[in-house]
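Required output: the full structure, derived from the provided sequences and hints.
The opening residue of the sequence shown carries number 40 in our numbering; numbering runs sequentially from there.
Some clues are possibly wrong.
Subject to a maximum C-alpha distance of 30 angstroms in a straight line, what follows is the list of computed DSBU-like cross-link-like pairs (lysine-lysine) [as the list claims (entries may be wrong)]:
id: 1; residue 1: K173; residue 2: K78
id: 2; residue 1: K219; residue 2: K103
id: 3; residue 1: K119; residue 2: K103
id: 4; residue 1: K227; residue 2: K119
id: 5; residue 1: K230; residue 2: K219
id: 6; residue 1: K230; residue 2: K86
id: 7; residue 1: K78; residue 2: K154
id: 8; residue 1: K88; residue 2: K78
id: 9; residue 1: K219; residue 2: K173
Read the hints as simulated data drawn from the structure, not as lab findings.
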Amino acid sequence: MMKFAVLLLAASVLAAPAVAGPEIDAPAPAFSAMTASGKSISLADFKGKPVVLEWTNDGCPFVKKHYETGNMQETQTAAKEAGMVWISVISSAPGKQGHADPTRANQLTVERGAKPDFVILDESGEVGRAYDAKTTPHMFLIDADGVLRYDGAIDDQPSANHATVDGASNYVLLAINSVKNGEPVTLKRTKPYGCSVKYGS
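Structure follows, in structure tokens:
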């Protein structure tokens with residue numbers, strides 16, 4: 040009887056559904072959060088404008104690759120030139136790699152020559168978990184109607200080697216151009232790569 044109960048418990052655990060990420064071509068998860076500048080923003084604030092979400096951690100070698108080569112900044116510039124809002128999200132919990140208070144987050148923006156419109160400090164991980172953000176970087180593109188159109192990696196080179204930026208296919212730029220031109224995003228979801236998001240318990 041005890042053996043049967045153990046097997047039943049194991050089966051129920053295995054059958055438990057995994058936490059699902061946000062659905063592509065469906066409304067993006069709503070959120071409200073505090074920025075490094077002390078302003079509270081929500082996704083609803085940007086209705087009528089496409090939004091790019093970028094999960095970041097300055098201690099992650101994969102993030103460093105994209106910032107130290109200027110690739111992330113160039114992608115941010117392209118998004119802004121297309122009339123999009125860029126929001127960088129720091130979901131590292133206190134005491135974890137990449138955690139930043141407002142002063143440090145603002146310093147990082149200046150030091151890295153980054154060009155986000157806002158930097159969200161997501162210490163609780165609430166925003167990250169709503170989007171099932173797995174890595175830094177992990178990228179999302181939401182269209183002007185609030186519909187999620189892209190979820191995944193920044194490009195097709197899952198390496199921390201700076202040299203791999205050259206010749207890479209930038210998935211986010213492809214999605215930005217499609218949305219800007221009113222065309223469907225053909226590559227909607229890819230596997231994100233990088234360091235794991237440093238959530239708290």
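- Kindly indicate which numbered hints from before are broken by the structure, ordering the numbers from low to high. none
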